[in-house]
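Enquirer: If you read the sequences in order, they're chains A and B.
Every letter in the first sequence is one number past the one before it in my numbering, and letter 31, counting from 1, is 20.
Every letter in the second sequence is one number past the one before it in my numbering, and letter 238, counting from 1, is 291.
Simulated from the structure, these hints should not be mistaken for lab results.
As the structure is a computational prediction, the values presented were derived from the model and not from experiment.
Ideal Cβ positions, reconstructed from N, Cα and C, are used throughout, including at glycine.
A couple of the hints might just be wrong.
Said to hold, decoys possible - Chain A regions said to be covered by chain B (calculated; three or more residues, Cβ under 8 Å):
# : stretch
1 : 35 to 43
2 : 92 to 104
3 : 208 to 217
Said to hold, decoys possible - Pulled from the structure, derived: some chain A residues nowhere near chain B, Cβ distances all over 12 Å:
# : residue
4 : Ile153
5 : Gly158
6 : Ala184
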Amino acid sequence: MSKMAQTDALVTEVEESGPFARVTFATPAFRSGLAPGRFVLADLGGYLRTPLFPASLDTPGLEAGGFAVLVPPTHPAAVLRPGARVGLIGPCGQGFDVPTATRRLLLVASTAHLPALLPLAGQKPDSLERPGFSVALLLSASTAAELYPIQLLPPALEVHAVTIDGSAGHRGSVLDLFPDLVRWADCVCIADDPALYPALAEIVRDTRVGLGHRFAQALVAPPMACGVGACQGCAVPVVRGTRLACTDGPVFDLLDLR
Amino acid sequence: MTTIDLAPDHKAGLTLANPVMPAAGCFGFGTEYARLVDAERLGAVVVGPITARPRQGAAPPRTLPIPGGVLLHTGLANPGVAAVLRRHTRAWARSPVPVIVHVAGTTPDEAASCCRRLSSVEAIAGIELGLPDTSGGSTELANALDDATAIIRAACAAASQPLIVQLPLSRADALCEAAVESGADALTVAAPPRGTAWHASSGRFVTGRLYGPFVLPLALRALRRVAELVSVPLIGCGGIHTAEDGLAFLHAGAVAVQVGGALWRDPACLARIAGSLSSAVEPH
Chain A
-10 MSKMAQTDAL VTEVEESGPF ARVTFATPAF RSGLAPGRFV LADLGGYLRT PLFPASLDTP
50 GLEAGGFAVL VPPTHPAAVL RPGARVGLIG PCGQGFDVPT ATRRLLLVAS TAHLPALLPL
110 AGQKPDSLER PGFSVALLLS ASTAAELYPI QLLPPALEVH AVTIDGSAGH RGSVLDLFPD
170 LVRWADCVCI ADDPALYPAL AEIVRDTRVG LGHRFAQALV APPMACGVGA CQGCAVPVVR
230 GTRLACTDGP VFDLLDLR
Chain B
54 MTTIDLAPDH KAGLTLANPV MPAAGCFGFG TEYARLVDAE RLGAVVVGPI TARPRQGAAP
114 PRTLPIPGGV LLHTGLANPG VAAVLRRHTR AWARSPVPVI VHVAGTTPDE AASCCRRLSS
174 VEAIAGIELG LPDTSGGSTE LANALDDATA IIRAACAAAS QPLIVQLPLS RADALCEAAV
234 ESGADALTVA APPRGTAWHA SSGRFVTGRL YGPFVLPLAL RALRRVAELV SVPLIGCGGI
294 HTAEDGLAFL HAGAVAVQVG GALWRDPACL ARIAGSLSSA VEPH
């Protein structure tokens, strides 16, 4: 794993990707250190740096190493243009820890939070290295128009769509479909509104008995000033006090969160 | 090489080879930035704050971006002086520059208790004492003076290292003379100002320390006033983001400066500012 560094990255590509802008960075410094759920802090002009979660870690053509992020059109990274240089600090934090023995990986995300889970969604299913491996995604949005386009997701991914108005997929809440999927899964990775996490945790507790450590992992990313644990500004309440999102997280055991 | 003595009247002294150091509350306990900041290029590192007992700290939200800066409310989160010493003394002993520990002096007992624990630790070259920010109406000033005096005297009696007192910005000029009379070897001017922001998603107000370039004119004004009133070494702190900002404090009477929130966005700025200011200092 590469050491944390402060470095510049070159923006090599900016393109539309569904409701997001896909921004690709070339940066040799982070060649091996980034992983799903880990992040970099980008200098995008604000007083504080902005955390960016890689949506893709295998960027073809970037021999020197690189990654891509998906951001909404209003995000400060969306106005970057190819050739721009952006200051980055990273890689930061503890990412998703999917055990190698996992065979049924469940991902849970609203469209807005989906990009951080995409590196996990793209894992090769049922390969020689991982026979029987499959990934399901429980994806939510208010309406079909706001839902991340299914055709942009990896074809082997089993997608369960939920919209509040029922215009696509199941009508209602992710909480309606979550119990059955939790029974199926042997590892769950979540990136959603943290307000939803207590309800998800309750379902996990009610549905599964004898859970292993980190059966369900959830991403929590409050504003972060330093990214290294120095400022104490990104506290996340957990069962035994608080932890820092930038160094202890941003991925936590769902059942540890308060 | 030009050196700066922050405690010329103290038996141990506190000599820096460079006038630049990180500000308390911004640099953790010194190890967090090990991969991003070359401490060797600084004058000292200021670590903490610490308190006598462990403090869980404030409930989230703690970090609120505001126009041109950030409001931070940590509630002095730290594991307490005993745990801090257990975890960090060895690293401090290896520090290439003096280590100054910031003690949050909330009460005389707390300050004395912390300073007593620190006084036997050879790796600690100096103690910076933060005072409670009791800014309010003028009727409270007498109380603030009494409180500050009691806290500084308690810390001074317990500490063996030089004592730097960090003055609250709002009362730097009102407290500086009492701080020196009570035993301060040097003064930091000033602690971050406090402000309040509305956190819409939790529906509550959050009060905390303010960081940003907008603090600089406030701190610079306070330092100039303090420089007229006392003759101990002064450390300028507040809104420093560039070498020019630091130079302004040196011109105003500071012998050294602390860089706070700027290092979060740009850890490399510490070494850059240190490089630029090293030639600007005169022996104290």
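Enquirer: Could you check the structure against the hints above and give me the numbers of any it violates, in ascending order?
Expert: Going through the list in order, the structure violates hints 2, 6 and respects the others.
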